[in-house]
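Engineer: What follows is each chain in one-letter form.
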Amino acid sequence: MLRLRFHGRGGQGVKVASRVLGTAAFLEGYYAQDFPLYGAERRGAPIAAFTRISEEPIMERGVISEPDIVIVMDKTLLYDPRIMPVSGLKKGGIVFINTPQSPEEARAEYKISGQIITLDITKICLDILERTILSSLAGAVASKIAGLREDSLKEAVEKVISEIVTDRVLIEKNIEASLYCFNAIPPVELKTAEVIQKGSGVITMPFETAGVSSPALNATGNTPLRRTGNWRVFRPVWNYDACTRCMICVARCPDGCILVNEDGFPYTDYDNCKGCLICVEECPTKTLEKIREVHAKKVIGK
Amino acid sequence: MEGNGEIEGDSRKGVKEMEIERIKSIKDLPPEENVLPGTPTCAGCGGLLALRHCMKALGKRVVIVNAAGCFTLLSIYPFTPFKNSWLYTAMACAPAGAQGIRDALDILVKKSRLDPEEDLKVVVLTGDGAAYDMGLSSTSGAIYRNLDFYYICYDNEAYGNTGFQRSGATPFASKTGTTPPGRISPIGSELPKKDLFEIWNSHKPPYLATISPAHPVDLINKFKKAEQYKGPKLFIALSPCPPGWGIDSSYSVKLAKLAVDTGIWALKEAVFGEVKHTVVPKRFKPVEDYLKEQGRFAHLFKPVRREEALNKIQEMVNEYWNRHKLLL
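Residue numbers (this note's numbering), protein chains in the order written: chain A, 91 to 392; chain B, 14 to 341.
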């Protein structure tokens, strides 16, 4: 059995990516399972989805903790200690990362062992679909790595995407983008071995009253520690020559991420700005513009 | 119900409207932030923008009673974006929770265990599912008992937290998770939006208003005005929802503005039942300008134009403003 795990953010199409792969496998005659991890699904929140593919009926249920293949649709998750996308990856398994970096660069940056494949599917998606819904593209990458055929992928994208949208042009573009990605991924060989799980993975915890089991926490206003800045695909950047200090951006930011310096000029709190780009849309003097996050310098002066 | 309103109303109406210090521009908005960044709400959340301005107006001395909905995710242990206390209740009973807290605070003050200066405002925060549907009866009860509290409803016109299923706030012809346009109902939701403002207003509460995240000056002034009244002070904020409405996250404010400019969302207030419109567009834009921007109404334009439904929506808006003699 082949077990795949997808990691991405709400709105990127993580669940649909696992569905495209599962459908392609099913159309090719395999048994398949695909499902997301249910929780707080919302745009930007970390999301995981799973696909199992087998020649035999699949009796296994639940989340996949030891995947053969991991598909990372948002590389910022690799730095998130609560997500740890590559955790449990089997020896000889494959990690796909959506990044413009080469596999060697990614290996050096993220310290990942195992085979790494990279492709900037966000760029391909922006070029072809003019948006960042990566579902069919990530599904295509996974289909190639899982060793499925191009025609089954095409049929699966058609089937899955047309259940969501009726716009024919959009469906065709999804097929085009997915086939492009399928062919951009080099043929790979998966070297993982089937391991039989020994014993139960469930840990029994003794019961403790709340006073013992949970720490007392009286802090208020501590969400800035969460650093939602890594949700961004695009970053708002400032050209102060045009700024009239009208304060419209400050009044429009839902997250209160635009602050004002001593001279009365607004600036962005990039640690937590989610990249909704309302400021860029609303600025009357075009002081703000958007650039893709991967092209932005690490820190742009406040 | 009506009889009681009259009896109650007589004693309450004695309050003379005080002069309030109104703010005039966006530059006058209170600078303090009482909802901090880093929340798990979607990028571009219109409801969060409305809440941010409401909390600027309310200040720090607040207890929020939050019914289940998107905003319960704001405070997930061990994180909270608020500087104030926060209580989580089930969907139907936030006003009952507010009653309990108000009573407790009143008792503490009465027993001199809490300095009246230290008293807190009790604020109910719910989505439209709790306000229009499940919590309607407990809200009615709280207004009837003249409970001294604020109610902020962030209305994104469906159950946004669980996948955008239809609620009582869903407008006519909207696509939702449970009203997908299809063979049986090609226009999506066939039922019109409930008029919660009128339902609440029939109780003649001291203060009731609709607000918009795109009109923060109007919003702040409404809270300033509400502050002088003891009793229920109720607010309904139309809150663009990027994933549910099928809009780009950068368009939230644009859509909130269009809702007002097309006349779909009337900005108004009611003091003891007397309704007054606070923002009336000089010239109304056609409703199509608002509808065509949103994925949830895309089926009205493609693959065929649903002329009948589009006309009906325009007529409903015209009828509203005609009734209030404000259509120019």
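Treat the hints with caution; some may be incorrect.
Here are the computed lysine to aspartate or glutamate pairs in the DMTMM-like style, where the Cα-Cα straight-line distance is at most 20 Å [to be verified]:
| no. | chain 1 | residue 1 | chain 2 | residue 2 |
| --- | --- | --- | --- | --- |
| 1 | B | K40 | A | D170 |
| 2 | B | K40 | A | D257 |
| 3 | B | K267 | A | E352 |
| 4 | B | K40 | A | E248 |
| 5 | B | K315 | A | D353 |
| 6 | B | K96 | B | D146 |
| 7 | B | K289 | B | D208 |
| 8 | B | K267 | A | D353 |
| 9 | A | K380 | A | E352 |
| 10 | A | K376 | B | D208 |
| 11 | A | K263 | A | E284 |
| 12 | B | K315 | A | D257 |
| 13 | B | K243 | B | D161 |
| 14 | A | K201 | A | D170 |
| 15 | B | K305 | A | D353 |
| 16 | A | K213 | B | D261 |
| 17 | B | K270 | A | E262 |
| 18 | B | K238 | B | E287 |
| 19 | B | K315 | B | E332 |
| 20 | B | K281 | B | E203 |
| 21 | B | K40 | A | D353 |
| 22 | B | K305 | B | E320 |
| 23 | B | K270 | A | E352 |
| 24 | B | K305 | A | E379 |
| 25 | B | K267 | A | D361 |
If you're looking for bench data, these hints aren't it; they were derived computationally from the structure.
Engineer: Indicate, hint by hint, whether the structure satisfies it.
Structural biologist: Going through the hints against the structure:
no. : hint            : in the structure
1   : B/K40 x A/D170  : violated, 38 Å
2   : B/K40 x A/D257  : violated, 43 Å
3   : B/K267 x A/E352 : violated, 29 Å
4   : B/K40 x A/E248  : violated, 51 Å
5   : B/K315 x A/D353 : violated, 50 Å
6   : B/K96 x B/D146  : violated, 30 Å
7   : B/K289 x B/D208 : holds, 16 Å
8   : B/K267 x A/D353 : violated, 29 Å
9   : A/K380 x A/E352 : violated, 25 Å
10  : A/K376 x B/D208 : violated, 39 Å
11  : A/K263 x A/E284 : violated, 37 Å
12  : B/K315 x A/D257 : holds, 8 Å
13  : B/K243 x B/D161 : holds, 6 Å
14  : A/K201 x A/D170 : holds, 14 Å
15  : B/K305 x A/D353 : violated, 41 Å
16  : A/K213 x B/D261 : holds, 18 Å
17  : B/K270 x A/E262 : violated, 34 Å
18  : B/K238 x B/E287 : holds, 14 Å
19  : B/K315 x B/E332 : violated, 27 Å
20  : B/K281 x B/E203 : violated, 26 Å
21  : B/K40 x A/D353  : holds, 15 Å
22  : B/K305 x B/E320 : holds, 13 Å
23  : B/K270 x A/E352 : violated, 31 Å
24  : B/K305 x A/E379 : violated, 25 Å
25  : B/K267 x A/D361 : violated, 25 Å
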